[in-house]
Amino acid sequence: MKPNFGTPLSSADIESGKVFSVSYEPRLEYAWDTGPAIGRYLQELKNGRLVGRKCHKCDRTFIPPRHFCELCFRPADEWVVLENTGTVNTFSICYVTWDMKKLTYPQIPAVIEVDGASEGYGILHLIADVDPNEVKVGMKVQAVWKPAEEREGSITDLKHWSPLK
Amino acid sequence: MRIPADHEHSAWKGNLPFGSFYTVGLAGQAFFEALRDRGEILGARCSKCEWVYVPAALFCERCFAELKDYTPVAHEGDVVSFTLCHLDLEGERLDPPDIVAIVRLDGAQSVLVHRGLGDPSEWSIGARAKVRLRDDREGSILDIEGFELI
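Residue numbers (my numbering), protein chains in the order written: chain Y, 134 to 298; chain S, 1349 to 1498.
In case anyone wonders, no lab produced these hints; they're calculated from the structure. Because the structure is a prediction, the values reported are computed rather than measured. Glycine included, each C-beta is placed from N, C-alpha and C at the ideal position. Among these hints, one or two may not hold up.
Away from chain S, derived, C-beta distances all over 10 Å, residues of chain Y [as the list claims (entries may be wrong)]:
{"hint": "1", "residue": "Phe138"}
{"hint": "2", "residue": "Glu158"}
{"hint": "3", "residue": "Lys179"}
{"hint": "4", "residue": "Gly181"}
{"hint": "5", "residue": "Leu204"}
{"hint": "6", "residue": "Asn222"}
{"hint": "7", "residue": "Trp231"}
{"hint": "8", "residue": "Ile241"}
{"hint": "9", "residue": "Glu246"}
{"hint": "10", "residue": "Val270"}
{"hint": "11", "residue": "Lys279"}
Once the Cα atoms are required to be at most 25 Å apart in a straight line, the calculated DSS-like pairs of lysine-lysine come out as [as the list claims (entries may be wrong)]:
{"hint": "12", "chain 1": "Y", "residue 1": "Lys151", "chain 2": "S", "residue 2": "Lys1416"}
{"hint": "13", "chain 1": "Y", "residue 1": "Lys292", "chain 2": "Y", "residue 2": "Lys235"}
{"hint": "14", "chain 1": "Y", "residue 1": "Lys279", "chain 2": "S", "residue 2": "Lys1416"}
{"hint": "15", "chain 1": "Y", "residue 1": "Lys179", "chain 2": "S", "residue 2": "Lys1361"}
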């Protein structure tokens, strides 16, 4: 038997109704339970500040906050308000968006170690307002927030990070 | 600095943009053209397995042979199973309930799933049912209104 390589179709075949088709857009809504730690994290983003959780036993402060210390296997002890500044841990310069559009000015996703958290603990976010060639690992940056009335309890309430002035 | 003890962000809500576009395929095309133009329910026969698939299929599920022998089956058959749906997709109560019927049309070995018509209390497994067609057919499974009891 000859292998079946499929049947070529053109847009005209479909638009003219020569080929029958079905299109469907399901409603895929979801609600993800944030839990106490991320719920509080989002609330504090709306307030315009970054918070972490601290474990007294191992003396670590982590962000994003978790309710539980995964090293000591016990509940973390307290909330800590972190600084509005941080250090670039790593970054990437992207001239293509997630949906493959070309960018003249790149997006610069980066892991920012937030001051006040333990060394190596940070969040993935964006760096902007900078010459892409000037971005370096170890560079000091500061958080740039949306105006309070536009904040909604989302990681995008923090617009981006820019070089510390 | 004091941090408020409660928060309002207990759930993160969103939706997934998702769309699908499906062309019915070679056997599907034959099935829907027969349905629209001639009001026939078209099956595909595998002579080796002595099996007739409805709707017509491109391949035999049993021996994987390509199926080219299209054959109309009867508009009547046996109710193999049915379900009474008292809730719609949104969870709203349906009164009377929707009937989803599985019918093996005479001449076919596989079954066809479609809406059941009429009084839900009259439906039973083993009853005889027949296809009710629409007059204004356009090449869709909805060209069949459903099954009605004989």
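Hint-by-hint comparison with the structure:
1. Under the 10 Å C-beta cut-off, the non-interface status given to Y/Phe138 relative to chain S holds; the minimum distance is some 13 Å.
2. Residue-level check failed: Y/Glu158 sits 5 Å from the nearest beta carbon of chain S, not beyond 10 Å.
3. Residue-level check failed: Y/Lys179 sits 8 Å from the nearest beta carbon of chain S, not beyond 10 Å.
4. At roughly 12 Å, the least C-beta separation between Y/Gly181 and chain S is larger than 10 Å, which holds for a residue marked as non-interface.
5. Against the 10 Å criterion, Y/Leu204 stays outside the reach of chain S, whose nearest CB is about 24 Å from its own CB.
6. With a least CB separation of 25 Å from chain S, Y/Asn222 remains clear of the 10 Å interface cut-off, as annotated.
7. Chain S leaves Y/Trp231 outside its interface by the beta-carbon criterion, the shortest separation being 13 Å against a cut-off of 10 Å.
8. No beta-carbon of chain S comes within 10 Å of the beta-carbon of Y/Ile241; the shortest separation is about 25 Å.
9. At the 10 Å boundary, the C-beta of Y/Glu246 stays outside the reach of chain S, the nearest C-beta of that chain being 21 Å off.
10. Even its closest Cβ contact with chain S, about 30 Å, leaves Y/Val270 beyond 10 Å, as expected for a residue assigned away from the interface.
11. No Cβ of chain S comes within 10 Å of the Cβ of Y/Lys279; the nearest lies about 16 Å off, and the non-interface call holds.
12. Between Y/Lys151 and S/Lys1416 the alpha-carbon distance is near 20 Å, which keeps this suggested pair within the 25 Å criterion.
13. With a C-alpha separation of about 21 Å, the suggested pairing of Y/Lys292 with Y/Lys235 holds against the 25 Å cut-off.
14. Between Y/Lys279 and S/Lys1416, the direct Cα distance comes to roughly 64 Å. Violation of the 25 Å bound is thereby established for this hinted pair.
15. Of the pairs offered as hints, the one joining Y/Lys179 and S/Lys1361 holds, with about 16 Å between alpha carbons and a cut-off of 25 Å not exceeded.
Hints 2, 3 and 14 from the list above are not met by this structure, while the remaining hints are.
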